[in-house]
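J.: From first to last, the protein sequence lines are chains A and B. The opening residue of the first sequence carries number 0 in numbering that gives the first Met the number 0; numbering runs sequentially from there. The opening residue of the second sequence carries number 0 in numbering that gives the first Met the number 0; numbering runs sequentially from there.
A portion of the hints provided could be inaccurate.
Said to hold, decoys possible - To give an idea of the interface, some chain B residues facing chain A are shown, with a C-beta separation under 10 angstroms as derived from the structure:
(1) M9
(2) E12
(3) D35
(4) A57
(5) F61
(6) V102
(7) D127
(8) L129
(9) I147
Bear in mind the hints are in silico, worked out from the structure with no lab data behind them. Even glycine gets a Cβ: it sits at the ideal position worked out from N, Cα and C.
Below are the chains, spelled out letter by letter.
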Amino acid sequence: MPSLVELVKAHIEAEDRRDVQATLDTFSDDCFYTMHAFGLDLRGKQQIGDHYRSAFEAMPNFHNPESRIIDAGDDVFWMGRMEAVQTGPWGDLPPTGRKVVNFGLAHFPRGSDGRLAGEHTWFNGNDFLHQLGLLPSSNSMELVKHIRALESKLAQLRAKA
Amino acid sequence: MTRTIDLVRMHLEAEDRRDVEGALTSFSDDCFYKMDTFGIDLRGKPAIADHYRGAFAAMPNFANDKNGKMFDGGDDVFRLGHFQVTQSGPWKDLPASGRELKVWVLAHFPRAPDGQLAGESVWFNGNDFLYQLGYLPSANAMELASYIKKLEDEIATLESK
């Protein structure tokens with residue numbers, strides 16, 4: 000059985016090749032994948048495979064050019080940078096043709112069968128969408144101000160109409 | 000030399016006492032503190048102390064999750080747990096909400112060349128934090144993008160009349 004660090008390396012390398020099956024091969028059968036910033040909480044290889052397929056279709060040059068792996072025993076952490084150009088639709092997002100460079104962190108705990116139990120991804124989702132031109136800021140607090148200003152303007156326009 | 004994980008424990012215990020000086024004792028002199036989701040990227044103890052003072056004043060029941068988990072990666076330590084507080088005072092541009100929030104937080108503490116903690120990178124969903132306080136309509140960055148687009152479209156329609 001490969002070590003947990005070797006499994007994480009294989010997982011990242013498979014992501015870099017946009018190889019969904021090889022990415023999933025590093026996971027246990029009852030695996031999970033979370034991306035809280037986008038409300039994703041997936042269970043099992045079917046759901047996670049669908050997620051990877053749609054992400055790779057939307058961002059066909061998806062890759063992780065900067066990687067650092069930290070071995071904490073039964074948990075391995077990956078820190079690094081992903082890059083992609085979003086040329087296709089992804090979920091509710093239209094294709095933007097824009098490049099996104101995102102620094103993030105991923106946590107891979109050991110599964111009961113010795114493979115990876117799954118992956119928790121941590122990154123700034125606002126920054127991701129800001130770079131695609133879909134949010135006005137990467138900063139959550141600035142989004143509060145922006146939305147308040149829009150809601151206030153809309154209320155004034157509705158009052159006049 | 001004190002192990003990195005023991006320095007992190009000292010840091011967290013000081014945070015639980017809302018002891019600003021104690022929290023900074025385990026940090027290197029040229030330390031950093033990052034909370035990317037709120038655009039916070041601080042350098043040096045005075046700036047970080049100001050941040051802690053502001054947070055502790057706004058959230059006086061600030062405490063780390065007793066059931067949180069530490070991950071020892073040698074020169075890098077990670078701490079995962081719930082952050083649960085009541086925002087009873089103003090914080091940055093936010094007025095006091097009086098609301099309680101609970102978010103998952105992953106903190107990364109690398110060791111500095113002097114053996115102290117180089118600093119702390121704090122990862123969490125800032126939208127969720129502000130959603131629970133009533134300042135944002137969703138915790139999900141994609142839903143915020145849709146909401147902003149809807150407001151902008153309605154404003155454009157009303158302005159064109």
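J.: Any of the earlier hints contradicted here, and which numbers?
T.: 1, 2, 4, 5
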